[in-house]
Amino acid sequence: MGKTNLDEFAMGSGSTDGVFGPVKNPWSYSKQYREKKKQKPHGENEDTNWLITGGSSGGSAAAVSAFTCFAALGSDTGGSTRNPAALCGVVGLKPTYGLVSRHGLIPLVNSMDVPGILTRCVDDAATVLGVLAGHDCKDSTTVQDPVKSFILPSLTDVSKLCIGIPKEYLVPELSSEVQSLWSKAAKLFESEGAKVIEVSLPHTSYSIVCYHVLCTSEVASNMARFDGLEYGHRCDINVSTEAMYAATRREGFNDVVRGRILSGNFFLLKENYENYFIKAQKVRRLIANDFVNVFNSGVDVLLTPTTLSEAVPYVEFIKEDNRTRSAQGDIFTQAVNMAGLPAVSVPMALSNQGLPIGLQFIGRAFCDQQLLTVAKWFEKQVQFPIIQLQEIMGDCSSVFENDLASVSLKQ
Amino acid sequence: MAAPVLRWSCPARRWILANIDRGPRHGRGSPTGSRSSGKRGQSSVAQQPLATAQKPRKGEHQWAAVVGLEIHAQISSNSKLFSGSQVHFAAPPNSLVSFFDASLPGTLPVLNRRCVEAAVMTGLALNCHINKKSLFDRKHYFYADLPAGYQITQQRLPIAVKGSLAYSVFVGKNRNQVINKTVRIKQIQLEQDSGKSLHDDLRSQTLIDLNRAGVGLLEVVLEPDMSCGEEAATAVRELQLILQALGTSQANMADYEIQRQIEELENGGEILNETRSFDCKLGCTVPMRDKEGKQDYRFIPEPNLPPLLLYDSASLPAGADPQQVINIDQLREQLPELPRVTREKLVQQYGMLPEHSFTLLNEVGLLEFFQNVMKETRAEPKRVTSWVLNTFLGFLKQQNLAVSESPVTPSALAELLNLLDQKTISSAAAKKVFEELWRSGGKTPAQIVSEKRLELMQDQEALEELCQATMEKHPQVVMDLKKGNPRAINKLIGLVRKATLNRADPTVIKEMLERQLSS
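Quick mapping for you: the protein sequence lines, in order, are chains A and B.
When you number the first sequence by this note's numbering, it's gap-free, plus one each residue, and the end is 411.
When you number the second sequence by this note's numbering, it's gap-free, plus one each residue, and the end is 519.
Note that these hints are calculated values from the structure, not bench results.
Being a predicted model, the structure only gives us computed values, none of them experimental.
You may find that some hints are simply not true.
In silico lysine-lysine, DSSO-like type, Cα no more than 27 Å apart, as pairs [unchecked claim]:
(1) B:Lys431 / B:Lys443
(2) B:Lys498 / B:Lys482
(3) A:Lys270 / B:Lys294
(4) A:Lys36 / A:Lys184
(5) B:Lys133 / A:Lys282
(6) A:Lys148 / A:Lys319
(7) A:Lys282 / B:Lys132
(8) A:Lys270 / B:Lys133
(9) B:Lys294 / A:Lys279
(10) B:Lys423 / B:Lys510
(11) A:Lys138 / B:Lys132
(12) A:Lys319 / A:Lys24
(13) A:Lys282 / A:Lys270
(14) A:Lys270 / B:Lys162
(15) A:Lys319 / A:Lys36
(16) A:Lys3 / A:Lys37
(17) A:Lys167 / A:Lys282
(18) A:Lys184 / A:Lys195
(19) A:Lys195 / A:Lys380
(20) B:Lys173 / B:Lys196
(21) A:Lys37 / A:Lys319
(22) B:Lys423 / B:Lys173
(23) A:Lys138 / A:Lys160
(24) B:Lys133 / A:Lys279
(25) B:Lys133 / A:Lys138
(26) B:Lys452 / B:Lys510
(27) B:Lys397 / B:Lys375
Some chain A residues near chain B, calculated using beta-carbon distances under 10 Å [unchecked claim]:
(28) Arg102
(29) Met112
(30) Ser140
(31) Asn222
(32) Met223
(33) Ala224
(34) Lys270
Cβ coordinates follow ideal geometry from the N, Cα and C atoms, glycine included.
Build the full structure now, drawing on both the sequences and the hints.
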């Protein structure tokens, strides 16, 4: 069992704000990326331009991407599993809310959190999901219905499938490369006989703000327990309980966490509750209904980008603050959390810079199996390349010479 | 199903004094002006009318108190409201604390079925409407004995609303005129108890014991329908008895607070809208947590608990797992006998006065004691009632003992009353025996009677002879008697009694003497 790095308290989309330092994307050292960069030969210790993994579960994504483990768990509250999955070229699954127990998951937003699954291929994700899914009496928000573990069928015929392309997800900030791959994917489904239609999720533009209000509000509540009394960091001040609490929390939380707590408490004040929290819950309902309406109109699965672009260098990323980056990073992913739906990011192809780009599939609630079946078909079609880390792996090159992208059991 | 058992923790109170001008009084029971809403989140922001009103000069106005109450009763269940740790009195500190109780991140609340049943049964016993859907909320504040930084409670939609509590006050010279009153129940909600803080001023530290953190509480909110401390106390006592019949509970408090507020106001002070606690040792109320000023609890719905759904026989889904659902109708059928009914039965069955039935129920264990005595004695219920309520209870009160600490068992008293009933001993002798029973314990009444030679003389002839002899020995007294001196007969009776070593019933002696004299 290994432990992986993340943004502090899962707040961030770069895995750069953790107390153990930032996480480096293994693709920074891949042959594919280095070849494209055509860097002038630098000194051996030069490592200034490495890329972020995305976040907040970047450590887990990096571990899977670098073949350190078979699978890794992350958390997904606004996209924290799917985002780094896309940037690290791995599969990142967010199950339906209520399918997998949250007992043991340090809560960020109780009504949106789910444990995320990171693997190198869709079959592996299905395997892990089969182990984790099902009712847990310790988590009152898990569904009671029994869940059987499953083996994904290998789809050959997609003619009965209807893929929806939400038009509101075509935003100006979307990189041309990602947009182009998105189109290509849509055409791929169409050419194989699936029905591909444009759909509308009209309240998409309100989603990020709504998410911000609800997220910070729940965060403010969930972080109230960190006072140093029973566990965790405790300051040296003991002149009074209040002073101890204040200093402990000041020392123990980074700026990002403190910022969210303050925002959340503001929204929860009596005079603001109605206008912010209640309003956001109502908007949340509208956003969830957007998805319901689309799925009710015959769409099986939605296809969207996962991220705005491929991974960027750390030095670029930190030019903007966490809040800005989070808003950008979560743009395609957080609406899914608000609606409680399952979604998976599947790596599609390498960018011109030789870096992974992934696309997101969104399914109906509790239809995780169907979602993964479609994802598996897509994965087979696109044949995403294996990361080539021979340069830094030395004698382990044999591992990367075979075709298997995964060490999981094959049927 | 185990009967849910309820226990008190420190009741919190809201007291508002309404300013009554000279002139017609507002009707009792109707809230005048501002009233306490009973919910900490709301009432603290609610009116503090006395702070803004003109300060009255001493003696200018008459005050009528309007009392509302919030009572927290600790639910006695095997485990806590949302976690599996045990509920136990007087366990070593921090020995009954689960990860959830200590607020370790990643732990989640799981609702305890027994606690829900306790709430529903209490609601039914208090004639409440049971909400088939109720919700849980988080109430935030920072305090060392609240590990999560919030309490899980029911602010928006509690489990039971709009009930009533009937109670009786006794008035009149002999306090035997009964007036029946009602106080409305605003709501009953389920919530978590906090841990305990012990302030050690000597070492400037606070010790936290989380054994109590997370224990289930029933908060019962009474509308301000009571107009004095005595009414409030009586209502609370009746509530306690009801909770006891459904389970157990303990409490005290009331009068002191009203008096204190009146005095403060008359001295130009202001009444803070605050929560006060009764300190048994000091014998007065003291401020609890400082809730001065607006306290914003930043309520949010508890996201880890879905709405609590209850069913009745009509709405119960077909094929529902009985372990997973609660049927209100089923609980209603299983409600035990409530105090009011118990008292009515006592009055009917034993012909006792209503006020006696109240006394029997008001004293913990006394009813059971009484019923056990009744089982083993042939004596008249009226006699048993009198002995239990006067003699027995009197002794208990004098030595500040509970019924459970009584040195006299029901069997012993029953035996004593049988001896009395059979006229084996006189009333006076019985009292002596009782005293001895109390003092020594262990000995049976029969033994004491025998040791102290308290048996009434059974030999009528011997008694006749004694009377005769006594009269012969005291001709002067006989003379007085014949002259018509009323006190002379008592002297004679006294002399005969002495001669019998107090083993003759004075009534019998008197009868004999009079017969002999007249013959």
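Hint numbers contradicted by this structure: Of the numbered hints given earlier, those the structure breaks are 6, 16, 20, 22 and 23, listed in rising order.
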